[in-house]
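J.: Modelling step: build the complete structure from the supplied sequences, incorporating the hints.
Top to bottom, those sequences are chains A and B. Sequential numbering from 1 applies to the first sequence in my numbering. Sequential numbering from 1001 applies to the second sequence in my numbering.
Read the hints as simulated data drawn from the structure, not as lab findings. Even glycine gets a Cβ: it sits at the ideal position worked out from N, Cα and C. Treat the hints with care, since some could be wrong.
[To be verified] Where chain A lies over chain B, by a calculated footprint (3+ residues, C-beta under 8 Å): (1) 1089 to 1100; (2) 1126 to 1140; (3) 1249 to 1263.
[Claimed, not checked] Straight-line alpha carbon distances no greater than 27 Å define the calculated DSSO-like cross-link-like pairs of lysine-lysine that follow: (4) A:K32 - B:K1228; (5) A:K32 - B:K1253; (6) B:K1034 - A:K425; (7) A:K290 - A:K196; (8) A:K99 - B:K1228; (9) A:K290 - A:K99; (10) A:K337 - A:K99; (11) A:K99 - A:K409; (12) B:K1228 - A:K400.
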Amino acid sequence: MKNKKGILTIIAICFICMLTGCQETPEEVLVKQKNQADVADYSKEDNGEVTAALSEGLLAPETYQDETASDDGSFRLVIDASVDIPAVNRVPVYQVTEKEYTQDFIDTVTETFFGDAPIYDNEEYYAATKENIAAELASWKEELAAGNFDLEAAAEMFGQEVITEEEYKGYLQDIIDQLEQDYEDAPETLSKTRVKPELDTEDWNYGYTVEMDQEHIYNYQIENFNGYSIRIERSYPQFSNMNVFWTEYQLLGNYEAEALAGSTADMTESEIEALAGMQMEEAKAAADEKVKDLGLLDMTLYDWDYAVLRTSQEVEEAEEEVSKVQDAGYWFYYTRKVSDIPLTYTSDWGGGLESMEDERETWYYERLEILVTDDGIDQVNLISLYDLGEEEASSVQLMKFAEIMEIFKNMMSISNAEVSIYENKRVCYIDHITLGYMRVYEPNTGSKSGTLIPVWDFFGGFEDETLVDGETMFGRNYDKYQSHLTINAIDGTLIDRGLGY
Amino acid sequence: MAVTRFNFQGFFTNPKTILTLGLGFILSYFLSEKAIMVAELYQAPIQVIEPFLWTFGDTASVLAASMLLIFLFSDVPKLSPVTPFYLSRISKGRWLIGQFLYVTLATGIYLGAVALSTSVLCMKHSFVGNIWSKTAALLGYSRLGEDMLVPSSVKVMESITPYSCMIRLLILLLGYSLTLGFLILAVNLITGKNYGIFAGIVYSIAGYLLSPAALRGITGLEDYELYKINVFLGWVSPLNHATYARHSFGYDKLPTLLQSYLVFGGILMILFLLSLRALKHYNFEFLGR
Chain A
1 MKNKKGILTI IAICFICMLT GCQETPEEVL VKQKNQADVA DYSKEDNGEV
51 TAALSEGLLA PETYQDETAS DDGSFRLVID ASVDIPAVNR VPVYQVTEKE
101 YTQDFIDTVT ETFFGDAPIY DNEEYYAATK ENIAAELASW KEELAAGNFD
151 LEAAAEMFGQ EVITEEEYKG YLQDIIDQLE QDYEDAPETL SKTRVKPELD
201 TEDWNYGYTV EMDQEHIYNY QIENFNGYSI RIERSYPQFS NMNVFWTEYQ
251 LLGNYEAEAL AGSTADMTES EIEALAGMQM EEAKAAADEK VKDLGLLDMT
301 LYDWDYAVLR TSQEVEEAEE EVSKVQDAGY WFYYTRKVSD IPLTYTSDWG
351 GGLESMEDER ETWYYERLEI LVTDDGIDQV NLISLYDLGE EEASSVQLMK
401 FAEIMEIFKN MMSISNAEVS IYENKRVCYI DHITLGYMRV YEPNTGSKSG
451 TLIPVWDFFG GFEDETLVDG ETMFGRNYDK YQSHLTINAI DGTLIDRGLG
501 Y
Chain B
1001 MAVTRFNFQG FFTNPKTILT LGLGFILSYF LSEKAIMVAE LYQAPIQVIE
1051 PFLWTFGDTA SVLAASMLLI FLFSDVPKLS PVTPFYLSRI SKGRWLIGQF
1101 LYVTLATGIY LGAVALSTSV LCMKHSFVGN IWSKTAALLG YSRLGEDMLV
1151 PSSVKVMESI TPYSCMIRLL ILLLGYSLTL GFLILAVNLI TGKNYGIFAG
1201 IVYSIAGYLL SPAALRGITG LEDYELYKIN VFLGWVSPLN HATYARHSFG
1251 YDKLPTLLQS YLVFGGILMI LFLLSLRALK HYNFEFLGR
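T.: Here you go:
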């Protein structure tokens, strides 16, 4: 009995200590609950009256300036931004589902971009002939016979930290055995058979090569991964021994533009236009025509960028990579416009996972991007198109702009909390605030259905300063389409664009 | 009740109980230490029950905590010279229900002790209100949670309040502990020896040790289909059923809480029937101590 009383007394003391030691419950709720029933809860009654413009209702300014810093000063947020709000007076919420690609749609895409140009299956087009394999086989045999191995390079090639001579010889012999087997099966010459691109529901990725002419060869890829996607990309066989890549030349915000532009700042806009050999309007007309031919009438131009084609090649004598500008053009980004409100274009493709243990089937955001040069269409990304479903609510009540900004400033400070541990300082500049639609997953309805909801996005760049081995390193980053934070305009909850909820 | 009461005789003075609760406190300290460190570093308040929730926040933490439960329940059913007396006065089913109550209450005491430990550890910074704290937000929304291995899932926080989360977590842990305790009991009864502890360990780590890579090799699934293996593991591993964050929040095909409750209920029913059957043929050996 005495024992029981003792135990009860200890427990009671602990509880009292626990409670008396407690702080007051904060009034501010930082983590808001996401409740899917909210959309209906936030519906506004439509009494037929013409209401004020959305920006007036939200009490939003045309521009917004503010500056805040964390307590220890390691994180600073500088906002000097334009505030972009669609010119509407109501914001509906819509359901969306994945657009099922059909053979008709594939035919339309093929016709739009390639007409009746010959198309070949990639596997056949790039198959190795006996001659190709014999050449490769000879080079490996030569390497094995020479015996003077660079084991450091060999280890790197096979992804190992170290490699012994015997191990390397074993690997070489395996390669030679495999190539000898391939040689037996390889054709004498390439036999290219024209094919018609077809929607293969079994295979998740299948590719074709299109020969418009000897100089215009395209890779035409149809995928069913994170939703249906079609990608078209021009090959540059003349640069076959180099890295070839297009970079966006972004029109920068109003701060330290040149420094933040990085590697693309070595050309002026007029130089790019001269290299492109065409004006933006001309390129836009070409891209618009393709969008019209595809029958994607809901898609409108959201923004555009200059694009620069670069090649890079390692020069052994100089022991460095030499980069050259080869061409220029224009990227056009199209997004769906629903009830006069565009889906906000960001550089985030979505389809992300919380970790490799994630159990979700993912879905990319809808994207339509077209790269135009004076040679015609150079690249196309036609990713995860939506089918617009029913209107879930005809008009929803949005939080006031001031409330959203309060959440934004608080949550930027919280989401950058690690700065005080890992970096000396970080300054985040916001130059563009946008209200637009975003697709979020609709819980319990399958992985390819969602809801278009209004969200606020905050765009800009950042600079950071880190101490690495006693040396201060400076970093700069600017991507005008990278949203630093996405906030649900209805209830103020945060949305992770990578995850899609 | 008499059986349960009998099982609890000397429970708090039993070295095994003292060791389990002591180790439970040490475990709570290690699992909540980092969260408390963040609260101190950022001078941020912490909700009193949050460290307890993070102590059982992922499968690794639940596994660590359940190892102590295996130790605590290694000797169920509690047998003594008076056991034949009970078995001659009450039905075997009622005797088993007494064991069931014992496991339930012992689990409750263990979880209560862990909750108390974590609450006491963080009391300097804690508050009792039913909202997630700034520390939780710092751990969830920044890289801190991931880097410090604190399982503070944003998905969980944004779906439920701390106390609601605690109630659901307690039900899951109770379901897990009961199935674990009854598995040990059933195997001990069936084999007539203390092999139940091994069955308990296998039960706990089976799902944990099933590697997605190995399953991928067997099934031949592509990278992008890896989620199917993760979903499968989410269903077959009892540890996953016991972990709140490894449930469906509407975005995947993991079990819902209700489904996990039913899974535990089903397992428990089977184990109860097996124990009852084994009890009919069980040879009680008493050494007269």
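J.: For every hint, state whether the structure bears it out.
T.: Evaluation of the provided hints:
no.: 1; hint: 1089 to 1100; in the structure: violated (count 0)
no.: 2; hint: 1126 to 1140; in the structure: holds (count 12)
no.: 3; hint: 1249 to 1263; in the structure: holds (count 6)
no.: 4; hint: A:K32 - B:K1228; in the structure: violated, 30 Å
no.: 5; hint: A:K32 - B:K1253; in the structure: holds, 24 Å
no.: 6; hint: B:K1034 - A:K425; in the structure: holds, 23 Å
no.: 7; hint: A:K290 - A:K196; in the structure: holds, 20 Å
no.: 8; hint: A:K99 - B:K1228; in the structure: holds, 23 Å
no.: 9; hint: A:K290 - A:K99; in the structure: holds, 19 Å
no.: 10; hint: A:K337 - A:K99; in the structure: holds, 16 Å
no.: 11; hint: A:K99 - A:K409; in the structure: violated, 37 Å
no.: 12; hint: B:K1228 - A:K400; in the structure: violated, 42 Å
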